[in-house]
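Visitor: From first to last, the protein sequence lines stand for chains A and B. Mind the numbering: the first sequence is residues 1 to 135 in the numbering used here, read in order. Mind the numbering: the second sequence is residues 136 to 339 in the numbering used here, read in order.
In short, the hints are calculated from the structure, not lab data. Owing to the predicted nature of the structure, the values given are computational and were not obtained by experimental measurement. The reader is advised that the hints may include incorrect statements.
Said to hold, decoys possible - Simulated pairs of lysine to any residue, SDA-like, Cα-Cα distance not exceeding 25 Å:
#1 K237/B with P40/A
#2 K237/B with N45/A
#3 K322/B with F52/A
#4 K322/B with L117/A
#5 K186/B with F16/A
#6 K209/B with S301/B
#7 K322/B with N45/A
#8 K237/B with S181/B
#9 K322/B with L41/A
Unchecked claim - To list a few chain A residues with every Cβ distance to chain B over 10 Å, as calculated:
#10 K71
#11 F78
#12 S90
#13 D106
#14 V112
#15 L128
The C-beta atom is built at its ideal place from N, Cα and C for all residues, glycine as well.
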Amino acid sequence: MKKILTTGLIAGCILFILSYGGLFLGVRFFPGLFVAYDNPLFNSNGSRDVLFYMHAFIISFALSWFWDRFKGLFHGTFVMRGLEFGLVYSIIALLPVMWISFSSLDITVVMVFSWFLYGLAQAVVAGLIFAKINP
Amino acid sequence: MHYKNILCLVLVLFSGTGFSTNYIDKKLSLKKWVVNENSSLSVNGSTNINKFSCVIPAYGRIDTITLHKSDDEKGIVLSGSIALSVSSFDCHNSGMTRQLQKTLNEKQFPLLHIRFLSLNRLPAITAKPQSITGAVDIEIAGVSKHFEINYQISQDGENGIDLLGSRQLNFSDFNLIPPTKLGGMIKTRDQLMVAFHLKIKAAG
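The shape of chain A in the complex, shown without the other chains (with noise of 0.2 Å):
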């Protein structure tokens, strides 16, 4: 249990740093793809802003459980198998979520499909950190 967890705060303080870098980076050289978010579907008084940022370290814990409990199902180098755990994660967890999104919300696909690599990515880097630290 203090392996999962000292991972996941691990995998978290990076995530967040590359999480929330990024994106004010594509806020910043891409502003066109974030036309789309100012729209009342996206909270906009501020009240949810520390759930946002903490979404990072969610997400961390979570796939530091998830690693932990199937690292034995991944094989190969520690890059292959972040790789692989990241796409298990997109394949199982990300894919349903967001067809279920665009079906019902009034989203964009590049919006869908952004949200996706972003998911992709964060699962990709996390599964790294943890076959690195927690082989």
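Knowing the structure of chain A, use the given hints to seat chain B on it.
Guide: The following block gives chain B in isolation, referenced to the frame of chain A:
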């Protein structure tokens, strides 16, 4: 008999000073302006990633503004207002339109009011636009604020009057919070440029 004499004296004095006629003249309306249903209003603002322009393309109703000379005879006192429906805004993007309506608290305050208070002068209206200033009260989301407005007034092709007013406002002037998204990474700026184009016919 004594009282009748006093009453007559008072009446003669008042009529002699012209008090009653002057008083009525000042309060008589100079003109009436009928605000046409094709009048429009636009709101231009920006976020840190784009600019937006929202319009109410047509007022959709007819209202009257009455003009009087002010007591000092230098300016013009106006009375009348227009009420615009917040749901009529069109930002050329359905998401942005809904966001503006939500930010302006449309469900609770469906109307935006502009109350016309004064003009600094009333020039001869010609095809060449002339600059004048005036005061209005603008009420958004239940909060009313007093503003000085710069106008351009001119005659349109059909002997009507075009009155273009513009003014920079802030969301915060009306206790409104400009929306932010994605944990504050997308921020709407507080400043808005509001412009209205009244198409007017002089009446009376």
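Visitor: Just pull the numbers of the violated hints for me, sorted ascending.
Guide: Hints 5, 13 are the ones this structure does not satisfy, whereas the remaining hints hold.
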